[in-house]
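Participant: Given next are the chains, with one letter for each unit.
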Amino acid sequence: MAHDTHDIHRSRTEFEFIKKKRATEMRGQLTSFAMMIFLTLIAFTLVAADFSNYLIVPIILLLAAIQVVLQLYNFMHMSNKGHGMMAFFMFSGIFVAFTIVLTMVTIVWW
Amino acid sequence: MSSNSQKKGFGATIWDYLTTVDHKKIAILYLISGGFFFLVGGVEAMMIRIQLMKAGNDFLSAGTYNEVLTMHGTTMIFLAAMPILLAFMNAVSPLQIGARDVAFPFLNSLGFWLFFFGGIFLNLSWFLGGAPDAGWTNYASLALASEGHGIDFYSLGLTISGFGTLIAGINFLVTIINMRAPGMTYMRMPLFTWTTFVASALILLAFPPLTVGIFFMVFDRLFGANFFDVTMGGNTIIWEHFFWIFGHPEVYILILPAFGIFSEIFAIFSRKRLFGYTALVFATILIGFYGFMVWAHHMFTVGLGPTANAVFALATMIIAVPTGIKIFNWLLTIWGGNISFTVPMIYAVAFIPSFVAGGVTGVMQAIAPLDYQLHDSYFIVAHFHYVIVGGVVLAILAGTHLYWPKMFGTMLSEKLGKWTFWFFFIGFHLTFFIQHFLGLMGMPRRVYTFGADQGWDLFNAISSAGALLMAIGILILLVNVVMTVMKGERVGNDPWGDGRTLEWAIPSPPPFYNFAQTPLVRGLDPYWIEKMEGNKEGMVYAEPLGDIHMPNGSFIPFVISLGMFIAAFGAMYHTDGHAWALPVLIGGLAITFGSMLVRSLKDDLGFHVTKEELIADNERIQREARALEGGKKGGLK
Amino acid sequence: MDLNKRYTPQTWPDHPETATLEGKNKFVGFWLLLAAETVTFASLFATYLALKDKGPSGMEFSASGLFELPLVFAMTMILLTSSLTSVYAMYHMKNHNFKAMQAWLGITVLLGLAFLGLEIYEFNHYVHLGFGFTNSAFSSAFYVLVGTHGAHVVFGLSWFIALMLRNAKRGLNMYNAPKFYLAALYWHFIDVVWVFIFTVVYLMGVIG
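Going down the list, the protein sequences come from chains E, R and C. All the letters of the first sequence, read from the start, carry residue numbers 76 to 185 under my numbering. All the letters of the second sequence, read from the start, carry residue numbers 442 to 1078 under my numbering. All the letters of the third sequence, read from the start, carry residue numbers 1486 to 1693 under my numbering.
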């Protein structure tokens, strides 16, 4: 088949290098995970500590947004090469999503 | 497996179409079923015009009129216009980018069958206790009060066919992103492919809100939820927002491919490169973007408040800019061209003034205070028929003539085509132009009759006469189709003689594997470039002849869709307390998910067309082409 | 594609999920589906926000009185962790270590099941309190939003289980690698949605 994969034969050093690179990446993922847990803890703590709503709501929404960025870019590899078109459609989707939410919390009738 | 098109028995042909994953055959399925629903919607339109022919007519009762009106709109938009455009997208855009196939042949077939079963389900309402009667917009306050199962047919039917459309949209997006031939950069894609791409993107992002809205409707009517029930804290305006967040992009989903078809026609029959290709592409993208920013102009009179109305009024007026860019580019494409007035070209030329008229009344309605006057009057009816019939339907008719040879290998009669055009075009303006004035005189839309003392008799009679002319035009088209099929005169690769894009470089109809070798694209209008350079082979190819990998046909898409069709009945009759309803619902879903599981567990690796088969097939094609050439010369004497 | 072709870690491509055209198509198509899903969930969230605490006059339930944070916290931690374990699974997939991948996917499935169990417990609890699906616009919106997420969890789990069982004997190849990868992507997306659910529905619900 014309579009099938080409066979790859890596040298020993090349293979070791890639493996090591992946292990480093994996450590990065662990850091992202730690950050997510941390952000979640902050969000729950803020609510449990009973601050003013005007303080809590924007902060926890911001924390959620950061978590989503971590998920999308690290766990789902949207930062990797070849994800340009996907990012474009994801952001278009997020844009429409944002519009819909904005509508329903503002101009939906009473 | 072999491509040789031997005569097959009737049963074998039916089975072939039930299991096909070939985008060209799926295109034919879309065209036939979309065409069928177009006729159904047309009959409904005629019934409306007969009822309104004279004051106080009793041809239809008020209730039946509501049903006919609702089904006319729903059928025409969801089951006729969109599928027929999907037919052209399937038939043409993979060829235009030199793709071997679409990205997801299986899903392509699934998309069709979902649409088909959804459409059948919706139309079965006529025979099972009454059709939906809350208008095609199905506003919740009306829909929740509607008795019987009409609205349930609407919501479940559109859910099923909506999934199909979403799948089709994803399929085209991925095909265009991943499967363009070497050299086919984004800015070399033919405009029909570009509009397919943008329309698919709109489908991707606009159908989910509709699906969610319809799900709420199903939950409210069948499972006791309270999304729209004001006494239980619900809000009917939520439905309106969801409907129009979907509904406005939907009109661009319809009109953009229409623009694409006309762009191809203008270039082909003016024998000129499209003027301002880049501007046309960016205008298309811009229209797609604005499509999501303007939905509330359908809701000016809801009472969203002056700020919201002002914002949406401005946004709406801005859309006229990219559309205007397109109009001028088309005019400048014709300007100085070597024009041949074939049937598609006549439609294209007629489209410009018709569509501009619809666009101008659209901008009028964007003025929110004026919209308070025009809202729910016949002015609105006139406006949207000018854009949809004057834009989309003219494009569908033009596209049918233009792509018929590519899809079926025969040519529709030009003479009958012109008759169709004149009947339809005159009938169209006769029907709808006068409705602007009826609207300004105060005639409300969606009302089943009017009084003799209101002074609307003459104009309504003229309007009905126009509808009759349109019907005659369509009948002539049907005669044309039957005659063409009966005659069965084969045509070659490029029957119009001036094809510019890749689909005209391949036999009509194309072999099931499309291009035997993937073509190399050397610029915009690749086939035209090769012609101008005197390339006798047709194209330059990017790869040597080799085995081609093809997907296997499958019956599973049909079964998945059938399962949903059955489940929908169960869901609907569940509320009537039938004991069998719940098992039917569960059974239908089990069929659907079971067949999905089978699909996912069973390896389906497809098959290969060998190089030898390709060579043999190519010789057959050459032989036929020579015979055709000889026949033509003989016929000319 | 040759299913019997055996790969070793040395011959396994860097990005097996996009190494074939089929895989690449699936990969792009799936991301597009996720964009559509984003809009779907946004619609559900928007409706929930519009209908939050709305009901017939005298409705006894409100978000601030109903939701309990400890349970939601546990569910959040479980789902976040399962997102990490599926990252581990994909790490081993890329290293062509089938056994390790299956093991991590197994853990992911167990965590997913635990999450699902807690969600069922939670819904059951609310229904027993008298907060049923048909009680009010608020309850309908709540159950449909959170329930749709739950249905996604069920689908994701079934997908993982089907893939693990189907390929248990034959290991990784170019045909199933994209499938594993997409199932993991789907699982992350479920987590993304949950992040907004615990923030918008539960945390913002509790503070009123």
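Check before you lean on any hint, since a few could be wrong.
[As the list claims (entries may be wrong)] Derived lysine-lysine pairs resembling DSSO-like cross-links, with alpha carbons at most 27 Å apart: (1) R:Lys-928 with R:Lys-856; (2) R:Lys-1043 with C:Lys-1537; (3) R:Lys-1043 with C:Lys-1539; (4) R:Lys-1052 with R:Lys-449; (5) R:Lys-856 with R:Lys-713; (6) C:Lys-1511 with E:Lys-156; (7) C:Lys-1539 with E:Lys-95; (8) C:Lys-1584 with E:Lys-94; (9) E:Lys-96 with E:Lys-156; (10) R:Lys-977 with R:Lys-713; (11) R:Lys-1052 with C:Lys-1664; (12) C:Lys-1664 with C:Lys-1654; (13) R:Lys-449 with R:Lys-465; (14) C:Lys-1511 with R:Lys-1043; (15) E:Lys-94 with C:Lys-1511; (16) C:Lys-1654 with R:Lys-1043; (17) E:Lys-95 with C:Lys-1537; (18) E:Lys-95 with C:Lys-1584; (19) C:Lys-1664 with E:Lys-96; (20) E:Lys-94 with C:Lys-1490; (21) E:Lys-96 with C:Lys-1539; (22) R:Lys-465 with C:Lys-1490; (23) E:Lys-94 with C:Lys-1539.
No lab work stands behind these hints: they were computed from the structure.
Participant: What hints, given by number in increasing order, does this structure fail?
Facilitator: 2, 3, 7, 11, 17, 21, 22, 23
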